[in-house]
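Counting along the sequence shown from 1, when you hit position 69 you're at 69 in UniProt numbering, and nothing is skipped either side.
Rather than coming from a laboratory, the hints here were simulated on the basis of the structure.
One thing to keep in mind: the hints can contain errors.
[Stated by the list, open to error] DEER-style ranges, computed between Cβ atoms:
id, residue 1, residue 2, range
1, Cys176, Asn22, 37 to 43 Å
2, Pro57, Ala15, 14 to 20 Å
3, Asn175, Gly120, 41 to 47 Å
4, Lys177, Met1, 41 to 47 Å
5, Gly120, Val12, 28 to 34 Å
6, Asn112, Cys176, 37 to 43 Å
Glycine included, every Cβ here is placed at the ideal spot set by N, Cα and C.
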Amino acid sequence: MPKVLVVDDHPVMRAGIRIILNQEGFDVVGEAENGLAAVEMAHELLPDLIILDLLIPELDGLEVLEQLNVSASGCKVLVVTEMSADRFANRCMSAGALGFVAKSGGLSDLTNAVLAVMNGYTYFPCIAFSPTLGADVDVSEVRRIASLSAQEQMVFQQLINGLTYKEISEAAKLNCKTIGTYKSRIFSKLGVGSLAAMKSMAYRNGML
1 MPKVLVVDDH PVMRAGIRII LNQEGFDVVG EAENGLAAVE MAHELLPDLI ILDLLIPELD
61 GLEVLEQLNV SASGCKVLVV TEMSADRFAN RCMSAGALGF VAKSGGLSDL TNAVLAVMNG
121 YTYFPCIAFS PTLGADVDVS EVRRIASLSA QEQMVFQQLI NGLTYKEISE AAKLNCKTIG
181 TYKSRIFSKL GVGSLAAMKS MAYRNGML
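Please model the complete structure; the sequences and the hints are all you need to start from.
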């Protein structure tokens, strides 16, 4: 029976994934709610498959992929996340993940993805140029936005949506000083000097 490690910071999501995997004959040998625990448990449990969210505390999903060096270890990783496919699917593939499932599509896609990956295939049906991006979009801006880490992408999305530091802190389980640090990094990577400029960039790229 294939062993699976589920990595997601939402207990309800982990429970839902566990039910689906158990129905398909997989053995969920561990659950991790943050990136550091995921890396430790992966080395300890040696699972055949890791179901990995990108937006998790401590280390984000991309950092977990880097730490595990999945291409060398042979461990199969399937990313299941709410993060944008057009900005993260290719990055996950490059980091060694064998599949990408968007949570917005519901967990019904999870079964197909798991079976494909475990049978030696990849599962990236979501990779495509975003239909929200017009021909006049500055490609350099798209690349700068895509360069944000998963945690930076989360803070970026919440800032452009008008959330306060306190609201972001509560949602992401981070302190306000850390949110400020992320904001500074985001400004630097995007080449903007104000929240208004960042919102303008987001609007130009179909994110608002």
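Results of checking the hints against the structure:
{"no.": "1", "hint": "Cys176 <-> Asn22: 37 to 43 Å", "result": "holds, 40 Å"}
{"no.": "2", "hint": "Pro57 <-> Ala15: 14 to 20 Å", "result": "holds, 19 Å"}
{"no.": "3", "hint": "Asn175 <-> Gly120: 41 to 47 Å", "result": "holds, 44 Å"}
{"no.": "4", "hint": "Lys177 <-> Met1: 41 to 47 Å", "result": "holds, 45 Å"}
{"no.": "5", "hint": "Gly120 <-> Val12: 28 to 34 Å", "result": "holds, 31 Å"}
{"no.": "6", "hint": "Asn112 <-> Cys176: 37 to 43 Å", "result": "holds, 41 Å"}
In summary, this structure violates none of the numbered hints.
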